[in-house]
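Q: As a plain string of letters, each chain reads:
Protein chains: 2
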Amino acid sequence: MKAIAPFLFLLSMILFAGPWSPASAAPTGPWPVLPAEAPSPADNPMTPAKIELGKKLFFDPRVSVDGTVSCNSCHNVMEAGDDDRATSVGVHGQRGGRSSPTVFNAAFLSVQFWDGRAANLEEQAKGPVTNSVEMGMKDHTVVMTRLGAIPAYVAEFEAVFGAGGLTIDNFAKAVAAYERTLLTPDSAYDRYIKGDESALSEQQKRGMQTVLESGCIACHNGASFAGAMPMGQGFYQKVPLIPGSAYDAKYDLTSDTGREQATKNPADRNMWRVATWRNVALTAPYFHNGSVATLDEAVRVMAKIQLGKELGDAQVADIVAFLGSLTGKFPQQTMPRLPGVDGKTVVPVDPK
Amino acid sequence: MKAIAPFLFLLSMILFAGPWSPASAAPTGPWPVLPAEAPSPADNPMTPAKIELGKKLFFDPRVSVDGTVSCNSCHNVMEAGDDDRATSVGVHGQRGGRSSPTVFNAAFLSVQFWDGRAANLEEQAKGPVTNSVEMGMKDHTVVMTRLGAIPAYVAEFEAVFGAGGLTIDNFAKAVAAYERTLLTPDSAYDRYIKGDESALSEQQKRGMQTVLESGCIACHNGASFAGAMPMGQGFYQKVPLIPGSAYDAKYDLTSDTGREQATKNPADRNMWRVATWRNVALTAPYFHNGSVATLDEAVRVMAKIQLGKELGDAQVADIVAFLGSLTGKFPQQTMPRLPGVDGKTVVPVDPK
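Protein chains in written order, with the working numbering: chain A, 1 to 352; chain B, 1 to 352.
It should be emphasised that the hints constitute simulated quantities derived from the structure, not laboratory data.
Glycine included, every Cβ here is placed at the ideal spot set by N, Cα and C.
Each hint should be verified, as a subset may be incorrect.
[Said to hold, decoys possible] Restraint ranges, calculated between C-beta atoms of paired labels, are given here:
#, chain 1, residue 1, chain 2, residue 2, range
1, B, Gln333, A, Ala152, 43 to 53 Å
2, B, Thr334, A, Thr263, 41 to 51 Å
3, B, Gly232, A, Glu197, 29 to 39 Å
4, A, Ala119, B, Thr167, 43 to 53 Å
5, B, Glu197, A, Ala152, 22 to 32 Å
6, A, Gly162, B, Gln332, 21 to 31 Å
7, A, Ala163, B, Thr141, 24 to 34 Å
8, A, Lys138, B, Val349, 39 to 49 Å
For reference, chain A alone in the conformation it holds in the complex (with noise of 0.2 Å):
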């Protein structure tokens, strides 16, 4: 019973607070607009050239074993933060089980991964890096050479870091800077919520209000709508919650058993960080192996397995509009120029 207590908490506030009308909205109630600025720890501030850094490395497909892979190939900003696939191709053509999650407002989000493996986006950037299915570093040494390699790499680590600075940590630091800038506010949602009337449809209205009766809410809330808990501790549900639906075997959603994998704890089979809805309709396909191909199918699927609901076309359209007005402004970003080495590649001519 543990799993749905959120939603019996979030269920008793709403219930308490009545009916729901734009006007006592808070940001801090259960329809928060995305906040300005997204949190940083402590020992990472942001400041420009750390974020400028940051771009880079996300970037470079230096970071990979063969020069391929950049973390923009699966987390592409061009496009929504993913890469349009069911499952990412890394190096040597691999393909991994888990379906890219955007990283657009991934900053708000109370773990990474969809298993919740790494705490912040510190911890997340130094994963892909040496996973052999995607950049394919041998470890992070590997990764550090490489980029010593190119002198005004290691000229703008000291810049930012300090003497020594070229090192993974300081690596991961400059990338998840870069990567709290990736916000999308100004959503339609979010001008509603701030008091503009004519921002939402009356269909997309209708669709809030279904989500909130039909119980979506009790876990996708919050300001990225995927549970609102402090930084670093994580919102996690089982997927199926409920059991036993033709979905299951339909869209293979029990093989891969979510954050058991990372904690190897069985009481965390099939537990999986919420997904954010802010872009949703921008990130087919969907569930943690991509197999769900469409947001009008993810969100009946959901219902079924997650509330038990068997929702009506009409219900189902109500939500896929209202979840598309959860499309925020994308920033305008500037390339990054990488740097290289004159005379020579630091890519090995044939990688293993």
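Using the hints, position chain B against chain A.
A: The following block gives chain B in isolation, referenced to the frame of chain A:
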């Protein structure tokens, strides 16, 4: 003997021109500066909207069969317009046999591709999308169907090209228009030619004199140092021009027969479009197969196999220093926003 005719022509021109001096060097002479603008075909004038559409298409990985490879994957404009690899990696981890040439200043090349099989950028842009080891689309219809599933692209093609504008030819025109903005003016060399004596070091000036006296500029001439032939005609050279050195085997210089692959004409065996020197310090590794790792070795090999000269270490260092002066100013660019489709992806779940 036909292959060395341009060499003899230029050599005579140089000899009759007498000793070179910066003051007498006009942009149309043997030491031209990079023009501020690239020429466009009459039927494809550059417009801001067309350039912006072309930039989106250039960065969009969804023009590849599995949604992983964009033009920018191998012609990375955040680096020096190539991918720092010997040969590029396409869809499904496949590798081609030739090194990705830089897209910067490609607008000035007399023909496109290493073997000149495309007369201009428009023709070039239609190739990689359907190359099985590059982007892997079955045919151009599949490419345009994919893009046609994205309403914002359809609208943008029609805004730029008129009703029914979503065609592969217009795809190519837009990409080519964007590529014609990828110029790197204002290198140290260009500033020197324009009269700034201090723009080059003494070593670079010695290197400049050496490439003149050694005969390198018999082929590496014109604004792009890749031959000043009229657009579309192509400027080719046989490599090795003087076969028989140990380099032929060491760097596997003859097994790919170059332009003969495109024309099926034995006279074109081992003929290659002359490569640009612009930004050459940043485009290692070198040669059509990326087999030569460093610029100093590339200089040594070229002198031997094309000019029959064994350069001393000091001469090589001088030439490499001069080539470094051809690194230009890369344009600052904003990232495009790639349009999506609400609630679904256009990339097949399991693309073959």
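Q: Hint by hint, note whether the structure agrees.
A: Hints and how they fare:
1. B:Gln333 to A:Ala152: 43 to 53 Å: Since Gln333 (chain B) and Ala152 (chain A) have Cβ atoms about 19 Å apart, the given range 43 to 53 Å is violated.
2. B:Thr334 to A:Thr263: 41 to 51 Å: Once the Cβ atoms are compared, 42 Å apart, the range 41 to 51 Å for Thr263 (chain A) and Thr334 (chain B) holds.
3. B:Gly232 to A:Glu197: 29 to 39 Å: 60 Å, violated
4. A:Ala119 to B:Thr167: 43 to 53 Å: 50 Å, holds
5. B:Glu197 to A:Ala152: 22 to 32 Å: 27 Å, holds
6. A:Gly162 to B:Gln332: 21 to 31 Å: Holds, since Gly162 (chain A) and Gln332 (chain B) (Cβ atoms, about 28 Å apart) stay within the stated range.
7. A:Ala163 to B:Thr141: 24 to 34 Å: Roughly 58 Å apart at Cβ, these two residues miss the hinted range, so it is violated.
8. A:Lys138 to B:Val349: 39 to 49 Å: About 31 Å separates the Cβ atoms of Lys138 (chain A) and Val349 (chain B), which means 39 to 49 Å is violated.
In terms of the numbered hints stated before, the structure departs from hints 1, 3, 7 and 8, listed from lowest to highest.
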